[in-house]
Each structure stands twice: as structure tokens, then as C-alpha cells.
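S.K.: Spelled out, the chains give:
2 protein chains.
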Amino acid sequence: MMDWQDYLDREQPRFVAELLDFVAIPSVSAKPENIADVRRAADWVAGRLAAAGAEHAEVLPTAGHPCVLADWLHAGADRPTVLIYGHFDVQPAEPFDLWTSPPFDPEIRDGRVWGRGASDDKGGMLIPILAVEAMLKTRGALPVNVKFFFEGQEEIGSPDLPPFVAEHAGRLQADMIFSADGLQWAPGQPQIVEALKGLVSLEITVKGPRSDQHSGMVGGGIANPALALAHILAGLRHEDGLIAVEGFYDDVIALDDRTRAAIARVPYADADLLAETGAPAVWGEPGHTTAERIFARPTLDVNGLTSGWQGAGTKTVLPAVASAKITCRLVAAQSPERVFDAIRAHVARHCPPGVTAEVTRNPGRADPFLVPAGHNASAAAAEVLTDLYGVAPYRTRVGGSIPVMTTLLDTLGVHAVMFGFSHGDENLHAPDEFFRLEEFRRGQSAYGRLLERLAR
Amino acid sequence: MMDWQDYLDREQPRFVAELLDFVAIPSVSAKPENIADVRRAADWVAGRLAAAGAEHAEVLPTAGHPCVLADWLHAGADRPTVLIYGHFDVQPAEPFDLWTSPPFDPEIRDGRVWGRGASDDKGGMLIPILAVEAMLKTRGALPVNVKFFFEGQEEIGSPDLPPFVAEHAGRLQADMIFSADGLQWAPGQPQIVEALKGLVSLEITVKGPRSDQHSGMVGGGIANPALALAHILAGLRHEDGLIAVEGFYDDVIALDDRTRAAIARVPYADADLLAETGAPAVWGEPGHTTAERIFARPTLDVNGLTSGWQGAGTKTVLPAVASAKITCRLVAAQSPERVFDAIRAHVARHCPPGVTAEVTRNPGRADPFLVPAGHNASAAAAEVLTDLYGVAPYRTRVGGSIPVMTTLLDTLGVHAVMFGFSHGDENLHAPDEFFRLEEFRRGQSAYGRLLERLAR
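Protein chains in written order, with the working numbering: chain A, 1 to 456; chain B, 1 to 456.
One chain only, chain A, in its complex shape (with noise of 0.2 Å):
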């Protein structure tokens, strides 16, 4: 019998080719015209689970994009059985002019897959995938009982899956849970993530005059809402970085000093952060590193700023409206609620004259995530991690959020494990994203080998 690890190398290049095509799907979850492209995706996924040999694959609706399940539940009554979790849906791609390759139009340079996804999620999720198919086509079983559960809405913050996971509670209860969506630290050296940030997600419209002004006819007789939407985003958070928005820090737990030190032995340094990112200045509240501010502190992000004349040359126009989206990134135990409450009142109360601001949500939600020290299946990672890099991992927290492992969590009653294999300067959610060949490769043999030792 052949050995699944002799599979997963024989196979390798379909595999790489088969990733190329599901890449290729523009599965971006928060374009209204991409809604056929993110159910096409999940096609892709339900069949390639079946062509792997899991059972009972099928496309599930939500009341937005679907979900994918599947299982392999033979192995027995003894032995455990894992939930492995991860999402086809991406990024918008904008602005594509960025790009060195289309986004949709994969392509393979140094080792690497460039295309929008390759690294987050899409070829995180396929590694369970390759690894079963090379238990299942080798060996003809698995050592632990498997449930998929792959979602098409991630990125928008899985608006939908509550009532989903709610709904099919039996058929996704798992002993443990593994997100196939994950970090590790670097080329070479693992981490375990013991906590992802919260998130809430929202918009501020200021209005003035019904329609767009000649900025001569009207200048300085009325108010300008580009300017005091200016003046209202200078209002939440100071040009130091602490955020000014009253109640905001309020549920924050304070850093002790056993999480300051955890997070102090991690080698995360300014000049790393400036390098990859080419930013001129690390920057952010007062009083705490660049580490502990990433990893443990809440933040308050401007994603996006529209108003006005946004073409060529000069349109001497007083705007009608101008918007801010924004999103901020909680800590235990901040809730999105109460976040959102306080920014809102706090713009109720300094909005400038002469104009209206309404603060509205956008979709997705996060709870901060922390998985308790010692926990099970956090210990057997860490052993497969350390086993397959030859380093003890690096104990972390995540700025990103992953709603769906609180509603995991909540429903099901057990904490998710990360377990992916990207890495933090892979360009996810910017332009040129990639993944490493390399680590598409280690996370199989990782996966397989996690599958053996949970067998134990």
C-alpha cells in the first residue's frame, strides 16, 4: 500500500493545477455581481469533496451564500471526530491596476501562487481536502471521524451563519474544531493563535445641501460635509492613535503582566513591520508596543472615504454627501454593539453645524475569540507543529477576526484551533496576494499528521 505521504508528492502537480482553477472563480462575497461566481465556488468545493472521497457533499443555503458540508464518519465510535472548517469566498480584487498578474487569472512565479484568494482562504481550505484524499485513496479510511464545513461568506463576515450553524447543530458537532483559515508566524516557524479580535463594522454619511453646489454660488454661506466628516473622523480617534470616542475602551480587559511577557517573546519587530508593509512610521495608541497593539489592543480603522469630485483635474463643487466606512477590531470584552452604540453617540454629540451625520452598520459581526490555555486540541497542534518545523511554536494573537469561530463556539460549545498555513506577508486583502507552494505542500503532510496523532 502506498504510503498517503508518497501520494500527496506523486499528486502535487494536479493538486497545484487544480488550486490554480478555484483561484480562478472571482468568488468576491461582497459584490452583488459576483453572487453566481461565489455559488460556483461552492460547487467546485462540494464536488472536489466527493472526487476526494468524503461523503454527503452537497451545497447548503443560507439566506446569503452557501455553505459546503461533507463527512467521513467511519472510523469508529472510539475515536473522535474533528469539524475542519474554511471559506471559498474572497476579497474584492480593487484596485486591479495594482496587480502584477490578474487577480482571477492565476499564475505561478518563485515558487508561489499569485492570484486573489491563493492565500486567504482558498488555498488554506484545499490542504484538508488533498490530505484526506490521500489517507482515503491509500488506506481506504481515516484514522479520526472528519466533518467539512466550508463557508462563502468569510469576508464579509459571515452575516448569515448563525442561523446556519444553528440549524444544522447536530451535523456539525465536533469533539474539536481545526480553521483551515490560519497564520502561521513565518517560512519556518509555527505559531498557535490564542485569540482573534472582534469586529464591527460600520458607516458615517454626512449630508448638506439635496444635491451637489457650485462651490462659488454657495462657499462659505453653507457648510461643507466633506469637511465636517473630516472633522468628525479627527474626532474618534487622535492623531496619536488613542481613540477618542467616549466608552470605547470601557469593557477592554487591560493587558497582565503573563500576556505582556507572552507577547514580548515574540520576535515582531518595528523595522519587519515597516519593511513589509513600506509604511514610513510604525504608529498607534500610546503606552503599549507595536506587538501588544496588533495582537491585544482594539483599533478604529477608516476603510474607506468617498465624497465629491473624484475624477481628473478640478470640479469646484460643495458636496452634497460624504461617507467613511470604518471598522473597528475588539478585544474581550468589547461587544460590536456596544462599540458601535458609543461611536454613534459620540457622533450625535459632536457632529459640526450645518450639517446631518448618520452612523449606520454594514454587515458582519465578531465577538473577541480566545482559546483557553491548555486546551486539547491547541496541545496537539502545537505537537504536529513542532514535530514538522523543528521549532516549538510561537504562542500569538491575531488583529483579524474570524466571526464564525464565535458562532461556532456559541452553538457548538467548542473553541476552534487554527491550523492554517499563510503567512502574514502574503498580501491578503491587498493586491498581488500569494501563497507558497511550499507551505501548500507542508500543510498536507500537517493535516495528516494532526488526523494521526488525534487518533491517540
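What the hints contain is simulated information worked out from the structure, not anything from laboratory work.
The reader is advised that the hints may include incorrect statements.
Any copy, or any two copies together, can satisfy a pair, since identical chains are not distinguished.
To be verified - Heads up, simulated SDA-like pairs for lysine to any residue below, C-alpha to C-alpha not over 20 Å straight-line:
#1 K137 x V347
#2 K207 x A275
#3 K207 x P280
#4 K31 x A262
#5 K207 x G278
#6 K207 x Q310
#7 K137 x V359
#8 K137 x L8
#9 K31 x G313
#10 K207 x P95
#11 K207 x L274
#12 K207 x H238
Guided by the hints, dock chain B onto chain A, whose structure is given.
M.R.: Below, chain B without anything else, positioned relative to chain A:
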């Protein structure tokens, strides 16, 4: 011999149809994709001048959009020579979805022509051509010598006009200049405009990381350019309307009691401004009435904001770039160059940490413009307006800028007088621009009478 007024009455249906044809040309000077349309409008104007009986009608090149010249110079050396100015380019029409009928497929409703440029300035600049046609077709002559000067770049600040006017100074030289790009106070109430504001146009671009970043991966670690831009903009002008740029007001001549009294005599009601614009309140620099601010005080307006994700829903991005378009309206004796330098120095001094900020000029500039009290052409215009409307014109100032007025003054030594028949409620520079057909007809009489009056 038919009276020229009867000719105007008889031909009015044709003139209106011609105005519709003219408005249908999308001669948007700000947009590169409309360069050929601006040229097409120039050709249309030259053809229309020739059809009216003007001589030497021709399209002449500049470094940008072309100009159109024509003349009729057979009134005799004892008669004055009058230069009539107007422009055939128009503002961009975006946002298209706010128009009741398409901006470049004009239609007549309620005695008005609806379409981009109907009022500013295609309706206006067609008026003197039609008056001249009526006189030439009925009498075979004009009472004075007339030159026409129409340009195609007024809406972008006439950047190429200074060298053009210098080059063609001999052909443009005149005893008096009248601008067909202008407003009356209200239907039934004429005005003589004593001043125009100057203009400087600029753009502030704030940069952080080299590409858009995942707000969860780096948020809290590096500065957000959109937030930093908000801080910069908020620092340029206080919430109460006072401009905070150091040195901005240095060259402003304070309003004396005579000027404030003249402005106070003009019935400029805040309630009317609010009804016309739909703004919730008046707003602006403390210590001045609304009319003073709009007529005679400098402004700083944000014309547009662009940053990050502007599509539907949420994109959790920390944007690489944020930019704002700004125009300032200037009053005597401010200079566009000195104000630009003051803003650039202010932004350099107050750039928030963690980003870089660049201030660049956009094309277009105008010095503030003031017609001297007792000016002869201004007195003639006032007399014709009083006859025609049965009421003496108000003496007002206008917040808008017509850079070519300054250019003509500097090069030809002649103060142009505004003699146009648009109104401030006609949605100039906004969706649903319109022009009143009643004023279109009245303007034709006004230009005919003006030429007769100037022959005395």
C-alpha cells in the same frame, strides 16, 4: 425692413432647437475622454457665428481645448469696438442618476431647457450671437464693432488662456468687454456684478503603506492615511468656518462700511439660500453676514474625497492612500500663489505622524476681480437692464471665478462687465441644470439694446 426684435420673435423656435443641439454635445473640459466633444462644440460655435453673419469665424488652438474667434468690424472707426466673451465647455455631469432627464439629451419642460451647460454657459453664450444675427439679417449692419471670443476651458480654470490672449491681443483688443457668462439677481430683478472671487485649486495626498493592507494584520501598528487626511482637513478650517491656515487671511482687504452697507441693501435671505440648496443651516466664518461671506469673503471648500474601499458593504482594508481635492475662492488682494504656499506650508507643519502628505496644485487659477466704481461699460449695462426689467439693478459681488476676466484685464487693460441672463437657482454645476427660455429671449433683446446704447 423687419425690426430685429420681430426677427428674434419669429426665429425663436429655431433658436431653441439650436440650443438643444448645442447642449447635446458633452463638452466636459475636465475629462480627457471628452476632448473631441469640446472640439466638436468649438466647431459648432464657429459654424453658428458664420451663419449669424459674423466674419472670420474660426477655431484656434491652445495648448489645451481650443478657442473660437469671430468679428464684425464695419460700424466705422468712430464707433466703439465691443468684445463679447463666453464659454462652450461644461462641468462634468456626474452623478448621472440624480438627473430627471439625461444631461446630454436635453429636453424642454415648464418653459425651461434641462441639460448640462444649458445655463452655464451654452444658453448664455448663444444669446449675443442670436442678437447679432437678428441685426445683421434685418439691417445688414451692427451699431458698433463687435468681436466674439469663446473658450472651451472655463470650467477647468482656463489654464491655457493667458498665452492665447497674449498671442492674439491685437485681434482681441476692444474698448469694452462684456461677458455673456453671468447671472441676473432673480427673474425680474437685474444686477450689476462688481466683483468676482479668485480661485486656487489643489489636492492633498496622504500616503502610508505602499499598498492597501489588511486592517486586522496591521491595524494598530501603522497609521491610517484616511484618518490622517481627516486630521489635516480638520486642521485647515475650524468647525465654525474660520479658516485656520496660517497666513491665509494676510492679504485680505477687510470690508469697509460702504461695502458692507451696499451688500446689506441686497435682499439676500438665509431662508432663500436654505430653500434653494436644501442645506439644514447657514454656516461660515464668524463675524460676517451670509451675503458678505458668499459675496466678499474668501472660502476653503473640500470638493472631493477618495480613499480605500468605496463599493458596497465592508472591506477591512487599511488604505495606502487618501486624497482630497480643495478649492479656495479668493478676494482682493489675495493671490492664488501665496494662498497655495500658505496651505502647503501649513500641511507640512501639521502632517500627523506615521504618514507623508503632499500638496499639489491642480490646473486653473484666477486672481480676484473688481470692476471700478463708475466704469463706463458697467453704466451702459445698468441703463439697459433698468429699461428692460423696469427696475434698477442691485450692485452685487459673486463668489464664482472667471479666470479669463483677469487675463483680459492684465493683457488688454479692459475690465469686463458681466452681462449674462442665468440665475443662481438653475443648478449650475449640479444635476438637473436648466435655463429659462424667458431669459434666453430677454437676453437677446438686452444684447441688441446694449449694442444700440453703446453706439450713442
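S.K.: So which of the earlier hints does this model not fit?
M.R.: When the structure is compared with the hints, numbers 1, 4 and 7 turn out to be violated.
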